[in-house]
Each structure stands twice: as structure tokens, then as C-alpha cells.
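Q: Residue numbers (numbering that gives the first Met the number 0), protein chains in the order written: chain E, 0 to 302; chain A, 0 to 239.
Keep in mind that a hint or two might mislead.
[As the list claims (entries may be wrong)] One-sided and incomplete, this derived list gives chain A residues near chain E with beta-carbon spacing under 8 Å:
1) Cys-52
2) Val-55
3) Pro-78
4) Gly-104
5) Phe-178
Simulated from the structure, these hints should not be mistaken for laboratory data.
Computed from a predicted model, the values in this text were never measured in an experiment.
In this text, a Cβ means the ideal position worked out from N, Cα and C, and glycines have one as well.
The residues making up each chain are set out below.
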Amino acid sequence: MDSFIQQLINGITLGGIYALIALGYTMVYGVIQLINFAHGEFFAAGGYVGVIFLSFFAGLGYMETHPVLCLTASFILAMMYCAYLAIGVEKIAYKPLRKEARLAVLLSALGVSIFLSNGLMLTQGVYVKAYPSELFQGGLNFGMITISYLQILIVSLTAALLVALNLLVFKTKIGMAMRATAQDKTMSALVAIGSNNIISLTFGIGAALAAVAGIMMGLYYGSVNYDMGFVPGIKAFSAAVLGGIGNITGAMLGGLIIGMVEIFGAGYISGEYKDVFAFIILIGVLYFKPTGIMGENIDDTRV
Amino acid sequence: MSSEPILELKHVYSGYGSIKALRNVSLKVYPGEIVAIIGANGAGKSTTLMTICGIVPLEKGDVIYNGSSIKRIAPEKLPTLGLCQVPEGRRIFPRLTVEENLILGAFYRDDKPEIKRDIDHVYSLFPVLGERSRQQGGTLSGGEQQMLAIGRALMTKPKVLLLDEPSLGLAPIIIHQIFDIIADINKNQGTTILLVEQNANLALQAAARGYVLETGEITLEDKASSLLHNPEIRKAYLGE
């Protein structure tokens, strides 16, 4: 029982990270019907910006004196960097192809993914970069169960971001405009909603969330490497499909499920196969219910 | 017509690629008027409105609004200048609530108390929308959706309202209700209206002047009452 609860906690932690990445896939799909294959690279970029600034602050000795401030600053800088990176990618590599066949922009996304991944390798090297290890030592012990402070941080920050995103999308005027753009771009223009701005905003928000996930992943596993975006990217994509691509609540749910299944699968079946479970789910969903959990109709359920 | 036209098309050619949907279309709309464009299915009526709004690319000619050319202005800027269209098929946002649809009509505005007042005004014009304010747009009936589409357009505070087939697919009693409101908007708010209709009888009764569009060209222009009594028009468009 103890081990079950421990796995559950680990699963929620990992699932939350996947959920944050999955939101970027699903929001972009909702607004422009593109599977942004470069999205995993924003996650990786976030992990790198995080480690660069955290190491920099640690080198100055600020990590000891102002740990919260350093961490907050690193998160914000990574979010901004990735948001602008994503907006730039969209303007350069996707926008010119918007009127072409959908395959063209999909291929462009694959190209951007390779470009960014290799860019990271060339500028940051092929070896792993370690996160400052003195962060978040220890945790809370309940008998056999341990909840590390890091897990508490990851889960609470994830929850806060998910709530904030929901409020933005469902309660504000700009969120309404995002949903309207997803439903009908021509009509949105006829009521003065500029779809280019909304698309940029969507890419920016999605990449900023991925950046947070990237730092969390770096903190959680202790290091980052240049191709770290690939596998979690595909798993988060599976999560978005599982939840119903285009559906925000679905992506959150899908992320949690994929994280749980991975942890429980690794714990109770085999650790060797931990990457396989997400893909079994992806294939299963595509085969039996391509619209996912929250999707009602492929053409009809968007952001 | 002493004043300058508020909206004018000058020798407009437009269409998608090699397909010329409009050829040499010129028309004028004066402030405060209701002008009708009638014509058969596929004559280019909707294309005319979409060209004015910059959605269909203009190839030759010019569109003058309020004294200046708008052909290079982005479509999403036009509602902020007071030019708004209710497109064919209403195109409300089906998965937003009635109220959210109306709020988005006021997307570019930030005068909150006045937006609230305008929403209440729309609800007073169309009480059924007030009753259904929290319902998703897609769950409304066709007539209610048309009311919502007009209400949403009113939220942009239009000086000129372009209406594309407001009667399409609606029951006669609803059509009359909607045309009463259109007349009311024109009279009481001074909104200029350019109306596109296949239902020529209805359109010419509501309008002061009319244009006849045939396969992308204006073939006739006259006072609405004269068009109504023109034997050619009666034969071609009024089913006699």
C-alpha cells in the first residue's frame, strides 16, 4: 500500500510535467490545426535556460542567500525566452505556409524541431548539463512514503499554472477571442479580432508552459541534455491525443494519465518498458477512439 | 443625396485566383440609407461584401469608406472604423455562450460600462437572447442565431452594417421580426445598411435604393420602389 501511494505521488509529479507540455500541443492544434512537432524543443530550451541561469546565480553565491528569488527569476526568464522563440518560429516557419496544404507546415515543424535540437547541441554541447544539486534537498516523510520538497514545488506550481490558464481561456475576453479564433478565423476578423496576434499569443503561452516543464524536469532528474525534448514531447503529444486534441481540460487529464501509467507501469511491470506505455496508449486511442477522452468530434472540439 | 457616399465601390474586380467573381462593380451607399443588392444565387452578392471587408482579395478598383480607401486596411481593423458585416450563414461562435458572442462583438472596445449597456440594449431588441444568455450559441435556433449575429455586429458600434442574406432559411414570421429590427436599427440609430438578399421582394421593400447583380456585374441601379415595379425584375426575381 505504501509503495502504491508513493508511486501515485511520483505519477502525479511526472503527469503534471507532461500536462504542462501537452497544453502547448493542444492549444496550437486548437487554433491552427497544426501538430507542432517543434514543441518538445521549447521544453528542452526551457530546461537549458533554467540551468544556465541557476548555475550563473549559484556561481555568484545568490543561490545560498536568495534561493526563491533565483528560482523565480530563472522560471520567468525561461518562460520569456521560450515564448519569444515560439512566436519567432511561428512567424518564420509556419505563418508563410498557412495557406498551403497542411502537410507543408507539418514538415516545416519537423524541420524546425531538428534545427532547434541541433542548435542546442552545437551551442550547449552533447554532454548532459547538471542542475545545481543543492536545491530542494529533503522532504516530508510519512512512514515509508516520502514527498520531496521538489515534488511539492512541482505539483503546486503545475496546479497554479493550470488554474491560471483555465481562468485566462475561459474567463477573460482574450480567452474568448482565442476560442473564437479557434472556431472561425474569418468571422473573428469581422469582429476585429486579429488572428495573427491570437496565434502568436497561443504559441507564446504554450511554449512558456513547456519552459516551466523543462526546468521542472531538469530539477527532478538533476540534469538536461540537448535531445531531452524528443521523448517527453512525444509522450505529451500522446497525452494531448488521449485527452482529445484541441481540448485544454483533456490535455491536463491526458498528461496526468500518461504520467501515472508510466510510473505504475515501470513500478509494477518493468522499468525497461517505461517509455513504451505512453505509445501503447497513443496507438490504442488512435485505434479505438481517435477523438480522445474529451473530444466529441474531430472537427468540432477545439480550444 | 447632397452628402458624399459613406461607402463606395469604384470599378471593383475581385475573386479567387483566375476566377473573377466581380467585374467592374461600382456602387454607392449614402449615410443613413438602406441599400439592397439583389441577384440570383452565385451572382457575386456575398463576394461583394467579402471584398469590401478585405476577406476576398480585391484585384482592381477601389473601396472608399468614409472618404478614404480601405483596400489596404487589414480586415480586423475595419470594425474599429465602424464597418461591420453579418456574413451569410450568421457564423456565430457555436461553442461560446450568447453573452460571450456579444462581448466579442465589442472586442476592440474597452469602455466596460458602455459595453454592458449595449449588451442590455441588444437584449431589449431581442429578448429571447437575454433569456438564453448563458446558452451556447450553437444550441440556438436559426432565427435566434441570426438575431445573435446582428446583435454581435451591433456591439461593434457600426456606422455601416453589411447584412448578407438575413432571411436565409428562416420562417416568414421570424423574417418579418428581423426586418423590423433592421428598419429600427436604421431609423433609430442612424446606421447605414447595405443589404444583400436573394429574397428581392423583402429587400426592396426595406431598402431605399437597389442594385441588381448578375454574374458578377451590376446590370441595373434604381430606386427600390421602381425596381419593385420593373417588369423585368418582377419576372426575373419576384417570380412572376
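Q: For each hint given before, does the structure comply? Return the numbers of the non-compliant ones in rising order.
A: 2 and 5
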